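Using the hints, position chain C against chain V.
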Amino acid sequence: NAGVTQTPKFQVLKTGQSMTLQCAQDMNHEYMSWYRQDPGMGLRLIHYSVGAGITDQGEVPNGYNVSRSTTEDFPLRLLSAAPSQTSVYFCASSYQLGEKLFFGSGTQLSVL
Amino acid sequence: AQSVTQLDSHVSVSEGTPVLLRCNYSSSYSPSLFWYVQHPNKGLQLLLKYTSAATLVKGINGFEAEFKKSETSFHLTKPSAHMSDAAEYFCVVIFHGSSNTGKLIFGQGTTLQVKP
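Going down the list, the sequences are from chains V and C.
The letter at position 70 of the first sequence is residue 243 when you use the numbering used here, and the numbering goes up by one with no holes.
The letter at position 24 of the second sequence is residue 25 when you use the numbering used here, and the numbering goes up by one with no holes.
Please note that the accuracy of each hint is not assured.
One-sided excerpt, in silico: chain C residues whose CB lies under 10 Å from chain V [unchecked claim]:
1) 62
2) 64
3) 109
Straight-line Cα separation of at most 27 Å, DSSO-like style, residue types lysine-lysine; simulated pairs [to be verified]:
4) 104(C) / 43(C)
5) 273(V) / 182(V)
6) 273(V) / 69(C)
7) 104(C) / 50(C)
8) 273(V) / 116(C)
9) 70(C) / 273(V)
10) 50(C) / 70(C)
11) 116(C) / 70(C)
12) 59(C) / 43(C)
13) 104(C) / 182(V)
14) 59(C) / 273(V)
15) 59(C) / 70(C)
16) 273(V) / 104(C)
17) 116(C) / 59(C)
18) 273(V) / 50(C)
19) 43(C) / 182(V)
20) 104(C) / 69(C)
21) 116(C) / 104(C)
22) 69(C) / 50(C)
23) 70(C) / 43(C)
24) 116(C) / 43(C)
Just so you know, the hints here were simulated from the structure itself, not pulled from any lab data.
Predicted, not measured: the structure shown is a model, and the values here were computed from it.
Think of the CB as a built atom: it goes at the ideal place given N, C-alpha and C, for glycine as much as any other residue.
Isolated chain V, as found in the complex (with noise of 0.2 Å):
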């Protein structure tokens, strides 16, 4: 098993660019979610998902898109890119919303 695999690691944008951070699970996981991590304030969920085809919000959703389609990927779209989104984004996953996380190695973004 691959586990949670997260890409890129590392990413450098210009302001109003997009882009899809990736993320994969193969442990067939019901709950994924995408979070970010800045000093000082934790991890904030950004967009989480309990099952294919269903998606909600977290705490800091806006400037970021995801879908569901299948029950392995959840990316992670920033649709214009801003230098207030410059974090740590972590994607995570669980059998079932409750029970451990497993977490993906991180993605450092930059946005210039």
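Below, chain C without anything else, positioned relative to chain V:
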């Protein structure tokens, strides 16, 4: 409003002394509660999870947490700190919604420093 508050952003203890990391939450319902740890340049690891079977939950590496509903708290403790415990600790709460949905919300984190 649903929220998770870790009362200390930074805790410093000497090796061999007790550790207390505090977490309070606000919720209208009985939440699901966790503690995760993040060592420098490493991923997050589950320390323990409250399942409502017992209010005192034992986790890995000698950590425990006690759920106190009346105080809406879930503080993390360890009797004797080890140098390897130095890390950032996150209290995590699930705020359940309808149709088995729910938001898994992290506290702001507490950095634990262990001095020799």
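Results of checking the hints against the structure:
1. A cut of 10 Å between beta carbons decides the hint on residue 62(C): the least distance to chain V is about 15 Å, and the hint is violated.
2. Given the 10 Å rule on beta carbons, the hint for residue 64(C) is violated: about 15 Å separates it from the nearest Cβ of chain V.
3. Using the Cβ-Cβ criterion of 10 Å, the hint placing residue 109(C) at the interface with chain V is satisfied: the shortest such distance is roughly 4 Å.
4. At most 27 Å may separate the alpha-carbon atoms for a hinted pair to count; residue 104(C) and residue 43(C) meet this at roughly 24 Å.
5. Distance hint between residue 273(V) and residue 182(V) is fulfilled; the C-alpha atoms sit about 23 Å from each other, no more than 27 Å.
6. Among the hinted pairs, residue 273(V) with residue 69(C) is consistent with the structure: their alpha-carbon atoms are about 22 Å apart, no more than 27 Å.
7. This hinted pair checks out: residue 104(C) and residue 50(C) have alpha carbons roughly 16 Å apart, not beyond 27 Å.
8. A distance of roughly 30 Å separates the Cα atoms of residue 273(V) and residue 116(C); the hinted pair therefore is violated under the 27 Å criterion.
9. Between residue 70(C) and residue 273(V) the alpha-carbon distance is near 22 Å, which keeps this suggested pair within the 27 Å criterion.
10. Between residue 50(C) and residue 70(C) the alpha-carbon distance is near 15 Å, which keeps this suggested pair within the 27 Å criterion.
11. At roughly 33 Å between alpha-carbon atoms, residue 116(C) and residue 70(C) are farther apart than 27 Å, so this suggested pair is violated.
12. Restraint check for residue 59(C) and residue 43(C): the C-alpha separation of about 23 Å stays at or below 27 Å, so the hint holds.
13. Restraint check: the Cα-Cα separation between residue 104(C) and residue 182(V) comes to about 25 Å, which is no more than 27 Å; the hinted pair holds.
14. Between residue 59(C) and residue 273(V), the direct Cα distance comes to roughly 15 Å. Compliance with the 27 Å bound is thereby established for this hinted pair.
15. In summary, the hint linking residue 59(C) to residue 70(C) is supported, as the alpha carbons are separated by about 17 Å, within the 27 Å threshold.
16. In summary, the hint linking residue 273(V) to residue 104(C) is supported, as the alpha carbons are separated by about 14 Å, within the 27 Å threshold.
17. The hinted pair formed by residue 116(C) and residue 59(C) meets the criterion: a straight-line CA distance of about 24 Å does not exceed 27 Å.
18. For the given pair, residue 273(V) sits about 8 Å from residue 50(C) by alpha-carbon distance, which is consistent with the 27 Å threshold.
19. This hinted pair checks out: residue 43(C) and residue 182(V) have alpha carbons roughly 13 Å apart, not beyond 27 Å.
20. Under the criterion of a C-alpha separation no larger than 27 Å, the hint pairing residue 104(C) with residue 69(C) is consistent with the structure, at around 21 Å.
21. The hinted pair formed by residue 116(C) and residue 104(C) fails the criterion: a straight-line CA distance of about 36 Å is larger than 27 Å.
22. Restraint check: the Cα-Cα separation between residue 69(C) and residue 50(C) comes to about 14 Å, which is no more than 27 Å; the hinted pair holds.
23. Under the criterion of a C-alpha separation no larger than 27 Å, the hint pairing residue 70(C) with residue 43(C) is inconsistent with the structure, at around 32 Å.
24. For the proposed pair residue 116(C) and residue 43(C), the alpha carbon gap of about 21 Å is at most 27 Å, so the pair holds.
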